[in-house]
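Participant: In the order they appear, the protein sequences are chains Z and G.
Residue 1 is where the first sequence starts when you use the numbering used here, and the numbers rise one by one after that.
Residue 1 is where the second sequence starts when you use the numbering used here, and the numbers rise one by one after that.
No lab work stands behind these hints: they were computed from the structure.
Accuracy of the hints is not assured; some may be wrong.
To be clear about the criterion: a stretch of chain Z counts as covered by chain G if any three or more of its residues have a C-beta under 8 angstroms from a C-beta of chain G, and this derived list gives those stretches [said to hold, decoys possible]:
| # | segment |
| --- | --- |
| 1 | 6 to 15 |
| 2 | 115 to 126 |
| 3 | 207 to 220 |
Cβ atoms here follow ideal geometry from the backbone N, Cα and C, with glycine treated the same way.
Residue-level listing of the chains:
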Amino acid sequence: MSKRLTAFRAAALALGFGFLYLPIALLVAYSFNASRLVAVWGGWSLHWYGALLDDDKFRDAARNSLEIGIMAASLALVLGTCAGFAIARFIRFRGRFLFSFMVMAPLVVPEVILGLSLLLLFVASQAWLGWPASRGILTVTIAHATFGSCFVAVLVRAQLAGFDRTLEEAALDLGARPFGVLWRVTLPGISPALVSGWLLAFTLSLDDLVVASFVSGPSATTLPMAVYSSVRIGVTPEINALATVFLGVVILLVALAFSLIARQERRRLAAG
Amino acid sequence: MTGFGSWRRWLLIGPPFLWLVVFFLLPLGIVAVISLAQSADTIPPYTPLFVHGPHGFESQASLANYRLIAQGDLRAYVNSLGFAALATVLCLLVGYPIAFAIARAPKAWRNPLLFFVILPFWTSLLIRVYAWIAILQPTGLFNRALRALGLIDAPILLIYNDFSVVLGLVYAYLPFMILPLYGSLSQLDENLVEAAADLGARPARAFLEIVLPLSLPGVAAGALLVFIPAIGEFVIPDLLGGPGTLMVGKVLWQEFFDNVDWPAAAAVAMVLVALLTAPLLLAQRLVERET
């Protein structure tokens, strides 16, 4: 490989990651800025973190978001694992095309469509069935679990595609029941996909502005909704502090999960 | 062989199938129905499709909302398709060298590099888009840097226009392009490239005739993953676009939240669904071919 090509690849990586991380780095840096003006550096300060802690609006919204995120991710994990397993293992069944289309489409369908359509469903079902009585945490959870489960299904399916089936077949040959094999052999074997699937569904729920804005009611403002309404008024350093905390938590969780997965992989390789 | 009999299979397929029918498919049907209604000062704010008249039930359904869209300003739809297409091409141009470099990096580096490509996707889009405001605004980092370098005298307009919207789209969707590209490029047999070089092909020719054609599945998957959601994007045109930057996602949002015209919003959604049907089916075929 020529030197020029190596330099080209190094430059591509440096520029690419610079582009991806420049805004994030600036955001974090300015959260420690003493000045109220966003673009003027006024020295180091933790002032905006203090202001954030005193802000009831963001605290309540964060609590709502966490509650929704945990419930939606857990629901998505169950539904998505079933769906991913079915698509990976059951090659032919009635409705397979429709099923796999419904699992794939929410991944890319614009959020405004998902949000509007779910809202109209909830309104119609409230008129006809009296359920849900009001819109809020429950409706947002259902909406987030819906697209979350599709992301879980994709991860589960991808991991099952590379999964060695001899263990499962051995267990079946030895007389284990299919659900027992699924529970004791398959699921532990694809645990990295389950961990990252739950986490992905959780962070997607935590991030979602558009769908939540449609399906939530006045009682349940989520964190992105609170951020959006304050960003529309103007850029404030308090949002920088909030964003930094948010980024810190997400990066910590994701790094933790990935290192857990990597350690488990190594152990598996060492055992095999 | 999975050992699962027919009824046991449906214990697994049933719950997600039912869930998606009720919370994905059925809602789209309701959108189609509501798009035929008219807005009204009632709760919910639309007219019923059927009313009980002197001759029994009469239909009030009409295509008025669609007529309004067809006669009105189609710029939002044209813009959305154009911006999404431009963002897709730019993502491909920016993402290809990055994916290529990761695929050719030492083995121990690849997973960490991929991790850092995916990481921004795990953090809030709203926050990342918001971060660009501080960079692009007239008193922002770019303008101040350009002024410090003496390249400009007065701030240039970098934000609240088409440029900032396309930049935001490329920024937000770049990881979706890099990942499938990496998937294709990392499976590419290095021996083929070396054989081409041994036979006297210059690097450019080896790239055009071997690497590029073999990475086309990744190009197609990445293009769809960027293009489809970018068409209906709301947050990016709303925060980075100007009053003149119309995109379908923003039009839908405004019809719903600002005008409280639910049927009009539903009609916009149906037009958007119609625009997306072909690329969605294409994506489905790509996914199915993998299994």
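Participant: Would you mind marking each hint as holding or not holding in the structure?
Facilitator: Each hint tested on the structure:
1. 6 to 15: holds (count 5)
2. 115 to 126: holds (count 7)
3. 207 to 220: holds (count 5)
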